[in-house]
Amino acid sequence: MNTFFLFVDLFLGFLVLGCLYRVVLGPTTIDRMIAVSAIGTKTLVILILIGFIFGRVEMFVDICTVYALLNFLGTLAATKYFEEKGKC
Amino acid sequence: MLTKVYENLIVQTVCRIMVPFIQVYALYVIAHGHYSPGGGFQGGVILTASLALIFLAFGQGAVLGRITRRMSIILCGFGVFIYAGIGLLCLLLGGNFLDYSQLAPILGVSIPRARSLGILGVEVGVGLAVMAAMYSIILDIAGSPAPGIDQLTPESKK
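Residue numbers (numbering that gives the first Met the number 0), protein chains in the order written: chain A, 0 to 87; chain B, 0 to 157.
Everything labelled a hint here was simulated from the structure, so no lab data went into it. Because the structure is a prediction, the values reported are computed rather than measured. Any given hint might turn out to be false.
[To be verified] With beta-carbon atoms standing in for the labels, derived distance ranges: (1) B:11 <-> A:1: 39 to 47 Å; (2) A:7 <-> B:19: 33 to 41 Å; (3) A:56 <-> B:143: 42 to 50 Å; (4) B:87 <-> A:7: 47 to 55 Å; (5) A:1 <-> B:70: 18 to 26 Å.
[As the list claims (entries may be wrong)] Pulled a few chain B residues facing chain A out of the computed Cβ check, cut under 7 Å: (6) 35; (7) 36; (8) 48; (9) 55.
Glycine included, C-beta positions come from ideal geometry on N, C-alpha and C.
Let's have the full structure, built from the sequences with the hints guiding it.
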């Protein structure tokens with residue numbers, strides 16, 4: 000089962016590269032913000048699966064909750080700043 | 000400067016629902032810090048995150064109505080006072096700085112229990128100090144300037 004989790008982790012890490020492409024070359028700011036948010040969500044799953052591999056899920060769930068909170072907060076702050084500036 | 004307030008029903012409702020849970024989670028991180036990742040610093044930062052969420056959704060006035068700038072400085076000093084006070088109390092009772100086992104006669108519990116309670120007290124102090132310091136940093140970098148701050152600029156001296 001650990002091998003399965005490891006390969007899912009690697010696959011998700013590969014998918015992060017796709018989002019990173021959108022972050023670097025995104026035509027607009029909105030694209031970049033959504034891509035960063037998607038990378039954060041993938042990171043959550045990767046962290047939980049690493050917790051399963053290490054056998055300490057209860058510890059990694061705590062980290063994941065904080066990470067999800069900060070991801071939400073960061074996206075909200077970036078959107079607010081974008082709204083304030085008013086251009087792409 | 001994020002000083003303008005934009006009324007947004009979705010953001011405001013989500014923030015109103017999430018803020019109490021974030022604060023309870025921050026208290027969990029502070030109180031459970033010696034068994035799981037976390038502790039005073041991390042719990043204080045999560046508490047500040049809840050305040051930043053109120054700041055983003057409801058504007059600066061809503062958050063200043065709860066904790067003023069003056070109150071944040073007082074809380075910061077009070078947190079450091081709790082931390083250093085517990086450490087110096089251990090020093091006065093004959094141990095090293097932050098040697099919690101010296102607190103056992105005062106608290107009336109066994110030595111391992113006194114160590115656990117001492118760590119909890121120190122982490123509450125650190126959490127308060129970090130929360131207040133981070134909050135005042137957020138106010139300084141994102142809010143409107145404090146009332147007295149323009150007196151320090153060179154132009155007002157003319």
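Quick rundown of the hints versus the structure:
1. B:11 <-> A:1: 39 to 47 Å: 44 Å, holds
2. A:7 <-> B:19: 33 to 41 Å: 34 Å, holds
3. A:56 <-> B:143: 42 to 50 Å: This hint holds: roughly 44 Å between Cβ atoms.
4. B:87 <-> A:7: 47 to 55 Å: Given about 52 Å between the Cβ atoms, the range holds.
5. A:1 <-> B:70: 18 to 26 Å: For residue 1 of chain A and residue 70 of chain B the Cβ distance comes to about 50 Å; the hint is violated.
6. 35: 5 Å, holds
7. 36: 6 Å, holds
8. 48: Since chain A brings a Cβ to about 6 Å from residue 48 of chain B, closer than 7 Å, the hint holds.
9. 55: 5 Å, holds
Violated hint: 5 only; the structure is consistent with all others.
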